[in-house]
Amino acid sequence: MDFLNALVALSNFVLIPAIAYGSQLALGALGVTLIYGILRFSNFAHGDTMAFGAMVTILFTWWFQSMGLSIHPLPTALLALPFGIVVTAMLLILTDRTVYRFYRRVKAKPIVFVMASMGVMFIMNGVVRFIIGPGDQRFADGERFIIKARDFKNATGLSEGLAFKTSQGITIVTAIIVVAVLFWFLNRTRTGKSMRAFSDNEDLALLSGINPERVVMITWIIVAALITIAGTLYGLDKTFKPFTYFQLLLPIFASAIVGGLGNPLGAIAGGFVIAFSEVTITYAWKKVAVYLLPESLEPTGLVQLMSTDYKFAVSFVILIVVLLFKPTGLFKGQSV
Amino acid sequence: MSYSLRTPLLFGAVALLFILQGSTDWWIFAGSWNASLTILNMALISAIMALGVNLQWGYAGLFNVGIMGFVALGGLATVLVSMPATPGAWSQGGVGIVFGLLVGAATVVAAVLINTRMAAGRNRTLATIGTLVVGFFLYRFIFDAGVAGVEAINPAQTGYLGGLNPGGPENYKAHGYMTLLAWPVGGILAAGAAWVVGKTALGLRSDYLAIATLGISEIVIAVIKNEDWMARGVKNVIGLPRPVPYEVDLQQSADFVARADSLGLDATTASTLAVKLSYSALFTVVLVALIILAQLSLNSPWGRMMRAIRDNEVAAQAMGKDVTKRHLQIFVLGSALCGLAGAMMTTLDGQLVPGTYQPLRFTFLIWVMVIVGGSGNNLGSVLGAFLIWFLWIQVEPIGNWLMSVVTYGMEDGSALKTHLIDSAAHMRLFSMGIVLLLVLRFSPRGLIPEK
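One line per chain: the protein sequences are A and B, in this order.
Using the working numbering, you'd call the opening residue of the first sequence number 404 and step up by one each time.
Using the working numbering, you'd call the opening residue of the second sequence number 4 and step up by one each time.
To be clear, the hints were calculated from the coordinates, so they are not data collected in a lab.
Treat the hints with care, since some could be wrong.
Chain B is nowhere near these chain A residues, computed Cβ spacing over 10 Å in every case [as the list claims (entries may be wrong)]:
no., residue
1, F406
2, L410
3, F416
4, A492
5, M518
6, I534
7, G536
8, F567
9, K568
10, A583
11, A600
12, N604
13, S680
14, S699
15, A716
Listed below are the simulated BS3-like cross-link pairs for lysine-lysine, each with C-alpha atoms no more than 27 Å apart in a straight line [said to hold, decoys possible]:
no., chain 1, residue 1, chain 2, residue 2
16, B, K228, A, K644
17, B, K228, A, K512
18, A, K689, A, K568
19, B, K238, B, K176
20, B, K420, A, K644
21, B, K238, A, K512
22, B, K328, A, K512
23, B, K176, A, K512
Quick reminder that beta carbons are idealized off the backbone N, C-alpha and C, glycines included.
Please take these sequences and the hints and turn them into a complete structure.
Laid out in structure tokens, this is it:
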């Protein structure tokens, strides 16, 4: 019984939140990795573009809610998601046309792209705050829980409850679908193959008649989809606040690098590595330990390795360790 | 226009902006010398940060996006040096904290030694992990007890270790010179952090340094916010001593009042202006000294070597230059300047408020200054700092003015008009982004280009 209770507590506080957060990070890191693979720079505007995508989705959600449109028990935001993706894709293509295309044409150094992306970050940040303000926004509706803690307790007779939020369920399911579609696209379709070819060897790809501008445009559209989905899911799961999206930049970069920059499979693995490390290191293990250890050994403190405020430090330390020992990442990304 | 004329003309134009701010309230200007000097003081500090970034980017092509962290470390140094030691803090836990930190450091060293000395294999992995786990719990045990002891001392007012001020809690404000001592200490703290980051990230692909510095700056802020025993965390340390006189003291000095009278000023205004001017003088001395040093280094063989490395790393390496080492050197130097500026800023504010450190304000704004001013040119980045800081402050009145023009035809109280006017404050980031992109695209060498 104690063992089951410990298992439930572990799933409730560590496994489920970490899987949901890991899926969000993985989607974000996939975007970073794709941009790195095709356009060859680290996009600092990623977090704020994520905020933009989520914001557009929220605006559509509010509009639908005011019209009484609903897909209960699912949140209305899912209905608004495609519209958010379209608007974000248009914005990203516009930024590419006005900002990045010029530097591609003059073959600027990667660092110049990074700086330009910093400018884009400023602008996105300003636009998001200008339209929706810097504060918290609530847009989640529909059923809040798939499994409620009390129902679980009643059904199983265990003293630990297991809560499974709808947002977590949706996050996991959506992430699986998105990743499956993306990999099918990259590995099976002609366009996807040309993208991979372009990422592996640009010159050879150009020689074989691949249109670089088309590849770049499709990359931005895919990135827009990934980023809007990740942003909206994160907002549903936690809260929408523009500044938290900027702060997501570090764990997202860490995920992409840990997995190996430019490698989509690595980005997913990296997302989960980062998410699980963050959650396990900042979780107070007392609740689980109480069930597993005999009474005489029960811990007096919280058994928390680090305070939750240091979750950024966790991704940073992992990042540094990977940079020191395996700069190409776990899955052999590109590195020099 | 020849370049020799261009520099003084641009500096003159920026000086005119500050003079207008002080003398007239026409258009967007405030018409107050007080406001003008406030902007000037921060502009001087920003200029030092910009010099540091220019050292890294302009001389060596290193992309540092962790300026905020180094600035915050400088601020921390000001507290640690200029505040008085909290009575009893060292005996009730300070020693434990230091001992705990030593244990932590020893653990890391031991793990590294095991990793390098032992033969690879399962034994080595087990020994490393074992050392780390045991060391970590030992460290937490000693350290936590120390922290609890320190934070229990009068938590509403102190609850931290305090600093090195010899005056003690009653008389520490008489030892204002301690803040001046804190400036170089701030530089050293920042240099230490930069060394750790540089050692790991330099030599890898260029954007890794950017990501690593972004990370370290977030962590420095997190540490300062959460380690209450160090600088009270988000409870803030206020009432730092000052290297310049207090307004109240000036107003009570008959001599000062008489002199203010002879200038036709009332004592209150004169005292605020005098204090601000003394800060400006202090900062100007530091800035001028740094500009001279930076110019000398730029034209020295060392500066030529740096630019050679920047322009063609492979060629420089072939000539026998140790590129990674030189990069580390200049990265540490530039970050030290940011730390110095951070200590000066905390001195100017008279308090350390970790919550105010925002990356957009402290990291990316400095970048805009350097790029707009002219990367690779010391005078250019100084000019950029003055100009951009002035605009950063004035974007709000400009935004309000713009919005009132845009909304001129709309009827009062309409939702759109209220929203537009309320959002004018967010114009700041937006306009800085536009400025950065425009300069990067159409004039990548900046206002005063490198020769």
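Restraint status (C-alpha distance of K238 of chain B to K512 of chain A at most 27 Å): Violated - the C-alpha atoms of K512 of chain A and K238 of chain B are around 44 Å apart, more than 27 Å.
Beyond 10 Å from every chain B Cβ - status for A600 of chain A: Correct as stated: the minimum Cβ-Cβ distance to chain B is 22 Å, above 10 Å.
Claimed clearance of chain B by F416 of chain A, with the beta carbon kept past 10 Å: holds (21 Å)
Whether A583 of chain A stays farther than 10 Å from all C-beta atoms of chain B, as the label says: holds (29 Å)
Hint consistency between K420 of chain B and K644 of chain A [alpha-carbon to alpha-carbon, up to 27 Å]: holds (24 Å)
Least C-beta distance between S680 of chain A and chain B, which was stated to exceed 10 Å: At roughly 14 Å from the nearest Cβ of chain B, S680 of chain A sits farther out than 10 Å, so the non-interface label holds.
Given pair status - K512 of chain A, K176 of chain B, alpha carbons within 27 Å: Violated, because 51 Å separates the two Cα atoms, which is more than 27 Å.
Exclusion check [G536 of chain A not at the chain B interface, CB over 10 Å]: violated (8 Å)
Nearest-CB test (10 Å) between chain B and F406 of chain A: Correct as stated: the minimum Cβ-Cβ distance to chain B is 24 Å, above 10 Å.
Holds or violated: K689 of chain A to K568 of chain A, with C-alpha atoms at most 27 Å apart: holds (23 Å)
Restraint check for K228 of chain B with K512 of chain A, where alpha carbons must lie at most 27 Å apart: Given pair K228 of chain B, K512 of chain A is violated - Cα atoms ~37 Å apart, limit 27 Å.
Assertion that L410 of chain A lies outside the chain B interface [Cβ separation over 10 Å]: holds (23 Å)
Hint compliance for this structure: hints 5, 6, 7, 15, 17, 21 and 23 are not met, and every other hint is.
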